[in-house]
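Top to bottom, those sequences are chains H and Y.
Under my numbering, the first residue of the first sequence carries the number 1, and numbering increases by one thereafter.
Under my numbering, the first residue of the second sequence carries the number 1001, and numbering increases by one thereafter.
It is worth saying that the hints were derived from the structure and are not from the lab.
For each residue, glycine too, the CB sits at the ideal point set by N, CA and C.
Treat each hint with caution, since some may be false.
As the list claims (entries may be wrong) - Stretches of chain H that chain Y covers, calculated by requiring three or more beta carbons in the stretch to come under 8 Å of a beta carbon on chain Y:
1) 115–127
2) 180–188
3) 249–261
Unchecked claim - Computed from the model, here is a short list of chain H residues facing chain Y with C-beta under 7 Å:
4) 104
5) 108
6) 111
7) 112
8) 136
9) 139
10) 191
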Amino acid sequence: MTTQPLTSSLGEVAKNRFESKIASTQVQGIGLEARGIHAWFGDRMVLEDLSLDFWSGTVTALIGPSGCGKSTFIRTLNRMHEFIPGAAMAGQVLLNGQDVYAPGTDVTKIRLKIGMVFQKPNPFPSMTISENVLAGLKLAQLKVENKDDLLEECLERAGLWTEVKDRLGAYGGSLSGGQQQRLCIARSLAVRPEVLLMDEPCSSLDPGSTLKIEETISHLSSTMTIIIVTHNMQQAARVSDYTAFFLSEGGPGKMVEVGPTGEIFSRPKDKRTENYVTGRFG
Amino acid sequence: MTEKQVVRPQKPWQSSPRERFNSGLVLLAGLLTSYVIVAITPMKGKLAYFSLFFLAFTIYDFTFHYFTRGMALAKDAIARAFVALGITLAVAPIISILATVFIRGYKGIHLSLFTKDMKLNSVSDPVNQGGLLHALTGTGILVLVALIISVPLGILTAIYMTEIKGRFVRPIKFLVQAMSGVPSIVAGLFILSAIVYPITKSYSGFVGALALSILMIPTIARTSEEVLLLIPNDLREAGVALGGTQWRTVAMVVVPAAKSGLVTAMILGIARIAGETAPVLLLTGGGDSVNGNPFSGPMGSLPFYIWKAYAVGTAESVTRAWAGILILLVIVLMLFISARVLSERRTSK
Chain H
1 MTTQPLTSSL GEVAKNRFES KIASTQVQGI GLEARGIHAW FGDRMVLEDL
51 SLDFWSGTVT ALIGPSGCGK STFIRTLNRM HEFIPGAAMA GQVLLNGQDV
101 YAPGTDVTKI RLKIGMVFQK PNPFPSMTIS ENVLAGLKLA QLKVENKDDL
151 LEECLERAGL WTEVKDRLGA YGGSLSGGQQ QRLCIARSLA VRPEVLLMDE
201 PCSSLDPGST LKIEETISHL SSTMTIIIVT HNMQQAARVS DYTAFFLSEG
251 GPGKMVEVGP TGEIFSRPKD KRTENYVTGR FG
Chain Y
1001 MTEKQVVRPQ KPWQSSPRER FNSGLVLLAG LLTSYVIVAI TPMKGKLAYF
1051 SLFFLAFTIY DFTFHYFTRG MALAKDAIAR AFVALGITLA VAPIISILAT
1101 VFIRGYKGIH LSLFTKDMKL NSVSDPVNQG GLLHALTGTG ILVLVALIIS
1151 VPLGILTAIY MTEIKGRFVR PIKFLVQAMS GVPSIVAGLF ILSAIVYPIT
1201 KSYSGFVGAL ALSILMIPTI ARTSEEVLLL IPNDLREAGV ALGGTQWRTV
1251 AMVVVPAAKS GLVTAMILGI ARIAGETAPV LLLTGGGDSV NGNPFSGPMG
1301 SLPFYIWKAY AVGTAESVTR AWAGILILLV IVLMLFISAR VLSERRTSK
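The shape of chain H in the complex, shown without the other chains:
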């Protein structure tokens, strides 16, 4: 590591990344907007009045100490929040201008457009590698012209193709943890989502696999909106264009600050953000 203070080095990493990104891709407009999101488990409010825009073709990192509502927030975005007994929410999530919580919305269509990668790799144990990748098509009853092409494309984009192309018939559970997680990413890509939510995708992986997944995220980010929850600040600095800092001070979680990743790590506006990104607490 460098002898520079942590903030400036992370800020530097993020700034360089941001500038090269702006040069190479065109920001296409707002893909997903969260408007005044509140969330409850039973009577306990865990998330209060959170509004955040996610631009197409960008990566947004959500950082903050455990229990500040990051995971709950991204689960409200693709309506997975409602699976937890006692869960409630208020606010709007607009996908291309349409509220995903509007009455009469087909929730399965929403989840097709907003894919999700979970904290723990969870390939389907009864399916082979290729069946896992294509599972979304069967689950959502989608038709594709050429399954083999899609299979190769998704595994390629997830950075797994060269490692598994000779054993596509093996069971998903036979892969290593990092490969399983990339298999899960490939599985999410097969239904062609516009947005990909990643809930601490590297928290159970070793540094080598983490690096591979970060490369995958960089590859994907030019074509889709990615929102990643992470506890690893280096990771946030390396992969994200924007960073939002969440914090719960005893009560419900709130967003303290959001901005380009370089600014959050080098010139945060809020004292609490600075304390967190410099490792003084959390």
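Position chain Y relative to chain H; hints supplied.
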């Protein structure tokens, strides 16, 4: 470089030959005491030997440990003696049953048991005449029909309890548990009064299978529920997050992941009903010839054959009954073993 010393694996915590010799002495003393007391007192019989030996051994073992190792280990010895007594009392009857069935039954086993029925013979004929074919096919058909009815109902009930988690989960869970304790004769009488008397007015394999289903559904539902509860929630969330409806997620992800466990549930259900006698006596009408049609005519079965042959009471018929019991027991044991093997393969995966 010096020669490397070879270190051999040792188990210093195991008892030494001397300690083993001492515990052998304690055992011998217990046996001797029980023998002497039976010889000089009016207490007689196997039970007297057994209980006196247990008492004497416990006292000697306690005393021995007390003087050599102290109070704590002496108490440990007593606890160990009672545990050994417990498993002996639990296992002895099972071993005894198995031994009796085998000793009495093997005399009645011959090859034509599996190729002939009792159409032309009575149970009092010499043992090597006639056979069990009608009973085996009958039990097979009863089990098959009961399976066709119970597997979908049982698994759907389990899916309601673990996946849909509707408002009625608690009452249904309670009902299923209570149902698994329903006496089989109650199931038989229910079908008799609800279906046979008012509707079909005749005995058949099918009505017997209906009664057996009443007994089978709770077993399958409870076992399947336990199996489905073991499936991690991550998989359900992954399925739904890929745009699957709940039903498609359950059918394509959850049930395939639980497949071997559900097969185990099925096998346990079969083992539960294969030997059921009361509903079969009430509903199937017996029958001595092979009947492949569950919807008409009397249908034989192993429990019915055993009951019928034993009731006649001649030496030949009783031997036949024991042979039938032996075959039934072997079938049920094989089912349990295959269920066990399947579920072990599941946990080791």
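Taking the hints in turn, this is what the structure says about them:
Counting residues of the stretch 115–127 of chain H whose beta carbon lies closer than 8 Å to any beta carbon of chain Y gives 9, which reaches the threshold of three, so the coverage claim holds. Coverage of the stretch 180–188 of chain H by chain Y holds [criterion: at least 3 residues with CB-CB distance below 8 Å; count 3]. Only when three residues or more bring their CB closer than 8 Å to a CB of chain Y does the claim for the stretch 249–261 of chain H stand; here the count is 0, and the claim is violated. For residue 104 of chain H, the interface hint is violated, since its Cβ never comes within 7 Å of a Cβ in chain Y; the closest pair sits about 16 Å apart.
Hint on residue 108 of chain H holds. Least Cβ distance to chain Y is approximately 5 Å, under the 7 Å limit. A least Cβ separation of about 5 Å between residue 111 of chain H and chain Y falls short of the 7 Å threshold, and the interface hint therefore holds. With its C-beta approaching chain Y no nearer than about 4 Å, residue 112 of chain H sits inside the 7 Å limit, and its interface hint holds. Hint status for residue 136 of chain H: holds, given a least beta-carbon distance of 4 Å to chain Y, under 7 Å.
Evaluation of the residue 139 of chain H hint against chain Y yields a held restraint, the C-beta minimum of about 3 Å falling below 7 Å. Below 7 Å, beta-carbon pairs count as interface contacts, and residue 191 of chain H has one with chain Y at about 6 Å; its hint therefore holds.
The structure fails hints 3, 4 (numbered hints given earlier, in ascending order).
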